[in-house]
Structure formats: structure tokens, C-alpha cells
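Chains as they are written, first to last, in our numbering: chain C, 1 to 531; chain X, 532 to 970.
Derived by calculation from the structure, the hints in this document are not laboratory data. There's no promise every hint is true.
[Unchecked claim] From the structure, some residues in chain X lie toward chain C, with a derived Cβ separation under 10 Å: (1) E609; (2) V778; (3) Y819; (4) K837; (5) G838; (6) I858; (7) G891; (8) G916; (9) E928; (10) S932; (11) E946; (12) L966.
[To be verified] Simulated DEER-style distance windows between Cβ atoms: (13) E522(C) to K637(X): 30 to 40 Å; (14) D936(X) to R423(C): 51 to 61 Å; (15) R668(X) to N389(C): 57 to 67 Å; (16) E877(X) to A284(C): 19 to 29 Å; (17) Q612(X) to H208(C): 42 to 52 Å; (18) E455(C) to A869(X): 47 to 57 Å; (19) R668(X) to A481(C): 48 to 58 Å; (20) T661(X) to A290(C): 50 to 60 Å.
[Stated by the list, open to error] These stretches of chain X come out as covered by chain C in the derived footprint (C-beta under 8 Å, 3 or more residues): (21) 877-889; (22) 892-902; (23) 917-923.
Keep in mind it's a predicted model, so treat the numbers as computed, not measured. Heads up, the beta-carbon is just placed ideally off N, CA and C, and yes, glycines get one too.
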Amino acid sequence: MRITTSALARLTRAALMLAGALGAALGGSTPAAAADKAAPAADGAGPRATGAADAAAAHAAAHGAADQPAQAAVAAAPRATGAADAAAAHAAAPHGAADQPAQAAVAAGPRATGAKAAAVARAAAAAPADAPAQPLGSLVIIGGALRPDNAEVWQRIVQLAGGQGARIAVLPSAAADPLQVGQVIADRLRAYGADAFLVPLAVKLADHDYRQAADDPALAAAVRAAGGVYFVGGDQARITQALVRADGSRSAVLDAVWDVYRQGGVVAGTSAGAAIMSSTMFYAPHSVYATLRSGVPGLTDGREVAPGLGFIGDDVFIDQHFLVRGRFARMIPAMLKKGYKYGLGIDENTAMVVDRQRSVEIVGHKGALLVDLTHASTDPHSAGFNVANAVISYLDRGDRYDLASHTFTPSAAKAAGRLAPRRDAADGPVFSPDILGRNALVELMENLITNRRSEAIGIATAGPGAQLPELGFQFTLSKTADSVGYVAAPASASASAQAQAQAAGTPGYSILNLRLDIQPLEASQPLSHRQ
Amino acid sequence: MKFMGYTLRRLGMAALLVIGLVAQASVQAAVTTPAKPQPAPAKASKPAKAVPPPKPVLAPPAGNLVIIGGGLRAENAEVWQRIVMLAGGKGARIGVFGSASINPEKSAQNTVNMLNQYGAQAFAIPLGVTWPNSDYRKAAEDPEVVAMIHSATGIYFAGGDQARITKALVRPDGSHTAALDAVWDVYRDGGVVAGSSAGAAIMSTTMFYDAKPTLDMLKQGVTEGHEIAPGLGFIGDDVFVDQHLLVRGRFARMIPVMLKKGYQIGLGIDENSAMVVSAKREVEIIGYSGALLLDLSAAVTDRGVKGFNISNATISYLDRGDKFNLITREFTPSPDKADNKLDPNEPEAREPVYTNDILGNNAVLDLMVNLIDNAQQEAIGIAFGNPRDATPDLGFEFRFSKTIDSVGYSSTAVEAYSVLKLRMDVRPIQLQQPLYRYR
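Start from the sequences, fold in the hints, and give me the full structure.
Below, the structure written as C-alpha cells:
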């Protein structure tokens, strides 16, 4: 009974996706119209699905992955639904073109310019671009260094995977020591109530052919059966190597991860596991400063950047370990290179939870930086990397940002705390000698939004003895009519009372829509000498 | 019964104190000489001015301190629970001073609610310079307020401005108010005295008072009664305490104060973290981050150099879980680091370690960690101000170097390090003017 119900739901979704993709490909169809068309298809496929499910279940039982008896039992039911899915897909699209509905949707998406489409085609694993195929699941994108005691984030993952006892597949593919790291993470998820299990799929796993594992039906079925998937940290290049076939198509396990996500499960990842969430990721990048110095021409597809797995869709670039490492400065060249308008960088021990409506909620220790390049421009004649009119926002824990409508909602604690201009505010110059330093950008944003001045300056220079020590960059932040700050203390409180509220441990500021301009500078050499 | 036991305990304490005072007079000359000249002992005598912590000669306080670096989050169970535990555990009575706040009643109530969530029976102590409808001088001598404090086994000083705490609790002539004596009684009796931010600043005999930004204090120095003033001194007079440390680059501002007031040891605790100081003066770091330890016992300054300078200071980073004994000055790494001493022959990195902003958020810690696990023997961080400041060309160079005593530990459980005994030298530098121009 349960199988049938869930198979039906799945069929409806699969049909919706197909209809959406086909509709988009035909050009005229709105998502609503696609949904209408999809409904009868799902109905028609209903009876068939049960049969397919039964057959699949029988097959699973007979196949009997003997080395994993426990898993086989659990996997049987969901594997059946997976088969139902395949049957539905087949039924609805007899020509088999629907194998890769995601790609069709991507190609038809509004952002698919020629070059972009080619890149996406190479990625193959890229996310569906538009609403018709919007997955029903959630993403938990963690900025790395997630502490064992960060209950808010761990509990959220377990809850989104189905709550107490939820099956969560731990993919240790990024780790240098996959078994050990995977086991630690699985144990932690268990400590928070999940029924987590390790998926032995990693380039670094000894005595093991990762290509075979990636297309092992039993492994794929076990993943598909889970309510959640967790990608551990390490090197993101190892994740895509393990999960994407050499020809760029998805392995069976990656398809299963997508199924979990589409069907309403959670896909979580930390550090490298967060990097793969966007359709482009940093692959083998140079340091933040070196990336800034070489700018857009210094980024080559397949070297510094490469295709990610793209769960969040192809309109948002994701980066991690963000504020502590000054990585906004490398994100902007990457976004310009690949044509992204929106970028989200998540800080350590903090997560972005992206729900099915594409609303992003910040949970955990700190926050995320939002970069909006919608109106940004660069001057090709400038002597180095530059950008004008970028817009940055700091989203603090508890805040929400809607990727569909691009609207911001402050946390409940800050809802009444919109900052108003005040005469007792500081009015000294706002400056940072090392804007790439730990959290330096957010501090500069805080200092500016609480200051009477309208502009703040941060600089970044190379250390003595570095290559090109005289080349540096100036980052200018300025307030515009759209700039807003929120603080948890009542906005009516005095500036010192607000500072006290900060000291007392209430959440920090949220700061929206500061303009950011970056231009190259020539630093005096040497910068200083002893007196 | 409980009341009887309590009274007996207090009587015992009083007797000890009397013995202590008598004994103290006779042995004063023989007492181990601390780094800094002593004010007269507390209680009976009235010192001419300021800072009257009783000397821990025969009766060191039996209690504990929990010194929190500010920004203590509601979910930091480790720190909140420790306070409650040290106050006697579930149901412990903890008196909360909101005195540092402009709104002391509300501030105290917020902390009371937090402590009660963690199992205490906390209550606000109605004493603060700006407490509504109250004369704080009367309240500080009010027997009812004193009885309230005496009824507690724990005291908590909430954050704000430390100057308001000392104003409310110390008489204009520098002697203890009855309320402050009662807090000392709780501490001596074995209770806990906790404080966050401003409530941490008052823990040492000297505290920052009307402090300027760190860089300005390096440039212009510190003056008694302006940048610094007497604190309440619970930790004793041989250790200087500062807070909000790593996130605000404050390690540097501790040095001029320590030099001026003769402290050898300085402890700066980071936000959302705490130092627990036991009766045996063992310091344990708990919470989110850690503490910086400055040791100036071998440091010298060169009067020939124009501007603030110091050489041969020693700086260490004590991470959460680590312990440091203030008497023996011995360090004990947390269990997850104990077997993971960094091998200097297998450094993780080789690149030069440098920062343009050593006063930046966590910059000193990042630099120390990068250096200790690096083939380089030395790292440099500089500090300078806005090019539009009054003295834009004056900056400081902080040079960190390894000695034979330098040690690093890394955690096997999380990404965390302890870094011990790096040498630090600071001297003024001249910045190029202009610092830069557009390309």
C-alpha cells in the first residue's frame, strides 16, 4: 500500500518533470499548463506502477546483495519505487529522450546562451534550471568546520531527512581517508537520531574500483532508499570524479542522489560537499589573493573551476569556508567568468537550508554573504581585475533570503530592529588594512552601516617578497538608497545600548545591499620601514 | 538546618579572615614578592585609594571564577552549565548584577532567565548606578541587599560598561561597599563569581576604563584614570585580564597596560568562551574558542626607541579544553590534543607568514597557528591605521619567532590548535606616504 502511494506520488512528479521539460523545449508551455498535462499521464501510469514495483521488489529479493543483508531488506521497497519511476519515465516518453529531463530543461532555460549551454552539456550533471522540474527536497549547504556540538545544523539535517530514525547515506568521496571520515560523520548523524550508513564510493578508497561502485545497482538502490544524503568535506574534485562518469553523464549513484532530492529528501554537504552544490565549483584554485590578481583570465574551465553537481540550480554560485578566508574576492571573478548573477558564500560552522520554494534560511554559528552582480560591470581597459556596482549583503543566522523573488526576511529577533540613521552614530573613517582577513569584510560592513559616513575602504596587498608586491586592490563599500541594516536590539535603543546588546551575545547585524567596487592599486614599496 | 550550616561556615570564614589579617601583618615582608607593589589589605583597614582585593596569603578564596569574554550565546551549554555547577548545581542560588548596563534591571533579568534555563534559581540584585528609583550608594550598603548576596552561592556580573560596576560597588574613597564585601564572602566561601565582557574586565586589579581603539593606545599610551582604572581584582593582583580578545585584536592593548602596572601575566579571553579559575588557581578554557596568554617576565623595552616597543615577550594560545596553572605556570593540553604534539621536523607549510592587519579579527591566532606548523622560524604582522587618520605614517611591526620552548598541539577531533611560547617583539614602523595610489 505504502509502495503504491509513494509510487503514485513519484509518478506524478516524474510526469510533471517530463511535461515541464517537454513544454519548455517546445517553447510555449507555462509551468501551470505543463502541470495540467502531467496529471492525466500520472493517472494513466498508476496501475502499471504497482506491477513494476512488485517486479522490482521481487528482483531485489532475488538479487539479494548477500554481503549487505540488512540493507537489502531496507532497500527492497524503495528500490521498487525507483523501478516504478523508471517505468513511468519510459511510459511517458517512449523515445527515451526523457532520460535526461534536467538537461533538456537546462538547455531550454533563459540563461542558456551558446557558451553556457556547451558548458552545461559538458557538466551533464547540472541541475534543472527552471520551475517545471524543481526538486521537492531540501539542501543543507554547510560552510565547513561543522562542530560536533552544532545541534541546530545536525538536527535540521536529520529532521529534513525524515526525523528520528531517518536513513541518511553518507558519501565520503571527498575525503583523503574516506572510511574513517565517513564513519565519524555517520556516527555523528546517529548521535542526532538518524539511521546513517556509509556509502563506500570514493576515489581514495583502497582495493576498490570507484567506477564500478558508482554504477553498482545495489549501492544506488541503498542511496535511493534514503531520506537524506550527506557529502563529507575534503576535495570536491574527488566527488565529481567519483560520481560523474568520464563522458560527463551521471552514474547510477548520482542519479539516486538526485532522486532522493527530487522526491523530497535532503541533500547536505559540508566544505567540498557544499562546493558541489552549484553547477560550477572551484576545482584546483590558487589562493584567494592570486585568484584576484589574475582575475577572470586566470580562471580556466577544468583547472581553477569545473562543473559541480548543481543541486541548487544553475543561477546561483556557491562557495564555502567563506568569511573566515576572505573568499568573496575569489567568488566574484568566478561569477563573472561563468555568467552568474547571484553568489552565496557560507561561513564555517554555519549552513544554508534551501527549501523546495528556494527560500534560503541561515542556521548555525554565523552567516552567509550574498553577492549580486545583476548591475555590475567591469572595465576591460583597467590595469587589473576590477568590478563596479556589485551589491553585497550579509545574511546573519536566522535570516531568510528567497532565491525566487530575491527578497530578504530578517530573523524574528531582528524583525523590529531595522537601523535608522542616528546622530550618536560613529563618524570616523571606516577602513580595513586587510579586507581579505578573517571576517574583515563583514566587520567593515558592520562598521559602515552603523557609521554616519557613506563609504568605507578596505585594501588587500601581497606580503613582502611575494610576486608583484606592488599590485594591490582597493575595495570600496558604499551606502545606496537600498542599503539597510538590522540588529537584534530594539532600534530605539541608543547606539551604546545596541553595542551592549552585541556584547551580551545577541545575534549580530544583518546588512543588505551595500555597493561594492573593486579596483587595482599600486602599493608603495616597501610598504613600511623601521623607525 | 541548612541555615545553621551556612552560618557556621560563615563564622569559620570570619575566624580564618581574622587570623589571616593578623598573620598577614607579621609576615607581609616575607610574602613572595609579586610583580607589582601591593595596596594595603582589604576589610578592616581602609586603603587610601582603590583596588582592595584581600591578599591570598593564608586564606585564598575557596571559590571559582568564570571569566567570560563577552558574546556568550544562549546555546553555549558548556559555559552556562559550568557556572550553575560551580554554584552548587541544580537549584543553586545565583545573584546577578546588571550594574554594567544602562538598563541594569533588564540586563540582570535576561541573565537570570538564562541561568534558570540551565537549572539555577537566579535572581537580580537591585544595585546599579542607573537602577530605577534607587540610590545606588544606599543600595550598596543596604543590609537587605547584603543578605541577598550572602544567600547566594554564585554571583554573575553581566556585560556593559565596567566603569558602572566599580562605580556601584566601590565607595568614592576606594573602599569596599558592604555589597562588594558580600560578593567577596561568597567567593571566599567557595562560591563562584562569574562575569562576561565588562563583568570579566573587573576580575583583575586593573581594568580598561575609557579605552581608545587598540592602535591609538599603542600610539599614545595609556593613562591611569583615563584608559585604565582599578578593577575588583578577584583573580589576584598578579594577572591582568582582558576580554572580547581575538575578535577585536586586543592582545596588543594588554601590553602597554601590563608594562605600566607591572603585570607579568596577562590572560585575554575570546568571545563566547570562558576561563574557569579554580581555588588552586588552575585555569581551564571552556566554550567556543580560547584565550591568549602573555608572559612579560623576560620582556624589556628600549627607551631609546621613539614610540611603543617591547622585545622578548612570550605569547601563547590556550585553546578550549586546555589548562594553565597560574602558580606553576604549567600547561596541560586538552585530551584530544595531548598525544598530538606538532613535529617541527614535519611542518605543514613553508611559505612566509605575513599579515597587513595583525589587529584584525583572529589575525594573531591565524598567524601563530601558521607559524608553529611551518618551516619558517619567524612571522611578521603589521598594524596601521586609516590613511586619513591623524598619524597615518605611524604603524607597528609585530615579529613572532620560534624558540626552543615553542610547542604546538593539534586536535585529533576538530580543527583546533594550541600554540605555546612564541617570542614576540613589537616596534614602531614608518608607513610609506601615500600608502598607495590607483593604477
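Among all the numbered hints in the text so far, which are the ones the structure does not match?
6, 10, 13
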